[in-house]
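Anchor point for the first sequence: position 143 equals 143 in the numbering used here, and the numbering is continuous, going up by one each time.
One thing to keep in mind: the hints can contain errors.
Said to hold, decoys possible - Computed cross-link-like contacts, DSS-like style, restricted to lysine-lysine with a CA-CA straight-line distance of at most 25 Å:
#: 1; residue 1: Lys278; residue 2: Lys300
#: 2; residue 1: Lys485; residue 2: Lys449
#: 3; residue 1: Lys310; residue 2: Lys278
#: 4; residue 1: Lys314; residue 2: Lys276
#: 5; residue 1: Lys314; residue 2: Lys278
#: 6; residue 1: Lys310; residue 2: Lys300
#: 7; residue 1: Lys210; residue 2: Lys175
#: 8; residue 1: Lys448; residue 2: Lys485
#: 9; residue 1: Lys193; residue 2: Lys210
#: 10; residue 1: Lys84; residue 2: Lys314
#: 11; residue 1: Lys166; residue 2: Lys210
#: 12; residue 1: Lys448; residue 2: Lys434
#: 13; residue 1: Lys449; residue 2: Lys382
As the list claims (entries may be wrong) - With beta-carbon atoms standing in for the labels, derived distance ranges:
#: 14; residue 1: Val209; residue 2: Lys382; range: 43 to 49 Å
#: 15; residue 1: Thr87; residue 2: Asp432; range: 52 to 58 Å
#: 16; residue 1: Ser344; residue 2: Asp281; range: 47 to 53 Å
#: 17; residue 1: Gly55; residue 2: Lys166; range: 18 to 24 Å
#: 18; residue 1: Arg437; residue 2: Lys195; range: 41 to 47 Å
#: 19; residue 1: Tyr89; residue 2: Ser242; range: 35 to 41 Å
By construction, these hints were calculated from the structure, which means they are not laboratory data. Glycine included, each C-beta is placed from N, C-alpha and C at the ideal position.
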Amino acid sequence: MIPCTITLPSLLNPPAKTLSQTETKAIHAHAIKTSLLDSHVHSVNNLLKLYTISGDISSARNLFDRIPHRDIISWTTLIHAYTKSGTPYESIRLFFQMLDTSPDTKPDQITLTVVLSACAALGDLQLARDLHTYINTNTSITNDIHLGNALISMYSKCGDIDTAYKLFTRTRSAKRNIVTWNSIISGLTSNGKFKEALSLFCRMQRIGVKPDQVTLVAVLNACANLGALDIGQWLHTLITQSQTLINNRFITNALIDMYGKCGSIDRAHRVFTSIKPKHRDVYSYTSMITALAMHGQGEKALQLFAYMLKAGIKPNRVTFIGVLSACNHAGFVATGLSHFQSMSSIHNIEPQMEHYSCVADMLARAGLVEEALNFIKNMPFKPDSAMWSSLLSACRIHRNVSLAESIMRQVDNDNDNEDEDYYVLMSNIYTDAKRERDASSLHMEMRKKRKAKKKKKKEPGCSLIEINGQVHEFKMGSISHPQTKDIHLMLHNIHTHLKYYH
DNA sequence: CTAGGGTTAG
C-alpha cells in the first residue's frame, strides 16, 4: 500500500532503537487510521517490536491481542518481551497458549530459543526437561547454534550443569562460537565448578578463541572464588591490553571483587579509584565495601558507604550485607544496629534473612548473646541452622555454657533441624568447660540420631588456595596433599607461637 | 523475532 511507505516508513523496516514511547504511540495511532493492522502483519510486527524496545509491555499486549492474523514472529516478539521485562512465566504461558490455540503456527528455532531463555530465567528444571523433549520429538531442528547455546545456558541456570556440559561436548566444534564457550564457562562458575571453568577457559585459549568481556567476567569470578590471585593478575594484564575490555564496567567491578576475595585489598582499591567517579555504580561500591569489610577495615568500609550515599548511588540489599559485616568485624554494634534500622526507614529496603543473620552474629560476637537470641526470636523469619550455629560459637567464645544449653534445647525442639554442627559445637563448649562427660554423652546422642534418621555422615567441607598459579585443595582430615607433613609441622609451629602470645 | 555477563555474612 502506498500510504504506508510514505507515512510510516519506519514500520516497513526493522524498528530503530531510538523512538520514544510517545513517538511509538503516534505511529500506532496513525497505523490504526490507515487500517494497517488488517493488511500488513509484517508492519504490525515491527510496531510490536517498537513497543517492546520502549519497554511498554502492556501496549505491546494490547496491540498483539488486536492483530487478526498473527504469525510466528508476532508470537515470538511478545514471548521475548515478557522475559525481557522480568516476567518469564508469562512467556511460558503465552508459548503454551500458542500451541493450544494456533496449531498452524509452528514454533521455529527462534521461538524456541526465546522460550528456553524464559525457562532459564525461571530456573525450573522440570520445565527445562519438558521443553527439551518437546524440541526433540516435535521438531526437526538440529545443529542450530543459537538453540544449542540456549539449551546449555538453560540447563546451567536450572542447576543441571552435568546435562549442560554434556550438551556442550556434543555441539559440533566447527559451529561453536564465543557465546557457546561463554554459556558453559559461566554455567560452570555459577554452579560452583570454578576449577573446571578455568580449565575450559585454558582450552579455549589454546585453540585460539578470543575471549570477550562476558568470558572475562566469568573467569574473574572463578578466580575470586578460588583465591587464584596469580591467574587473576594474569587476566588483568590481558584486560589492560585491550581498550574495550578495560573500559567495561562489568569487568572492572569483577576485578575489584577478584582482588578483594584474593586478599589483595590494595589492588582492589587501585582498580576502584581507576574508575572515573561518575562511572562508579552500586556494584563497584558494594564490591569495594565488602572487600574492606572482609579485610577488617570496617571504618574505611563505612566511610566509603557514606561517600557512596553522598555521590547519590542508591545502596541495595547486597550493599547492606557489606555494611553490616563491616560493623560486625569492627565491633561497631550501635552503628550496625542503626544502619540496619535505616534499611527500611530511609532506604526502603526490607531486610532479608541474611541481614538479620549479620546483626545476630554481630550482637553475639560482641558478647550480647542474650540480645542476639531475643533479636532472632522477634524477627519475621524462622531462624536457620547457620544462625543457631553462630550463636553457639559466640557462647563458646564468651564461655557461656548455660545459655548454650538453653539454645540447644530450642534447637532440639525444632524438628526439621538436621544439622550436626550444633552437636559438635556444643560438645566443644563442654570440653572447653572441662565437662568431658557431657561432651561424650552428647556424642552418643548424635550417633543415635544419625542412626535413627539413617543419615550418612556429612560430606566434609574443603578449602582451596592458589600458589604460583596452581590450585591446592584441602579436605578435613585428608592427607592427600604431597606436602601434608610439612604443612602440619608449620601449623604446629604457628599454633605454639600463638599460644605464647595469648 | 534468536543465544552468553557483575556485588551476598558466618
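Here is how each hint holds up against the structure:
1. Lys278 x Lys300: With a Cα-Cα distance of about 20 Å, the restraint between lysine 278 and lysine 300 holds, given a limit of 25 Å.
2. Lys485 x Lys449: Given that 25 Å is the threshold and the Cα spacing comes to 35 Å, the pair is violated.
3. Lys310 x Lys278: 12 Å, holds
4. Lys314 x Lys276: Roughly 18 Å between the alpha carbons, so the hint for lysine 314 and lysine 276 holds.
5. Lys314 x Lys278: Holds: lysine 314 and lysine 278 sit about 14 Å apart, inside 25 Å.
6. Lys310 x Lys300: Cα-Cα ~15 Å, so holds.
7. Lys210 x Lys175: 15 Å, holds
8. Lys448 x Lys485: 35 Å, violated
9. Lys193 x Lys210: 22 Å, holds
10. Lys84 x Lys314: 23 Å, holds
11. Lys166 x Lys210: 23 Å, holds
12. Lys448 x Lys434: Cα-Cα ~24 Å, so holds.
13. Lys449 x Lys382: 23 Å, holds
14. Val209 x Lys382: 43 to 49 Å: Distance hint for valine 209, lysine 382 holds at roughly 47 Å.
15. Thr87 x Asp432: 52 to 58 Å: 53 Å, holds
16. Ser344 x Asp281: 47 to 53 Å: Hint violated: Cβ distance 23 Å, outside 47 to 53 Å.
17. Gly55 x Lys166: 18 to 24 Å: 37 Å Cβ-Cβ, so the 18 to 24 Å window is violated.
18. Arg437 x Lys195: 41 to 47 Å: 44 Å, holds
19. Tyr89 x Ser242: 35 to 41 Å: Holds: the Cβ-Cβ distance is about 39 Å, inside 35 to 41 Å.
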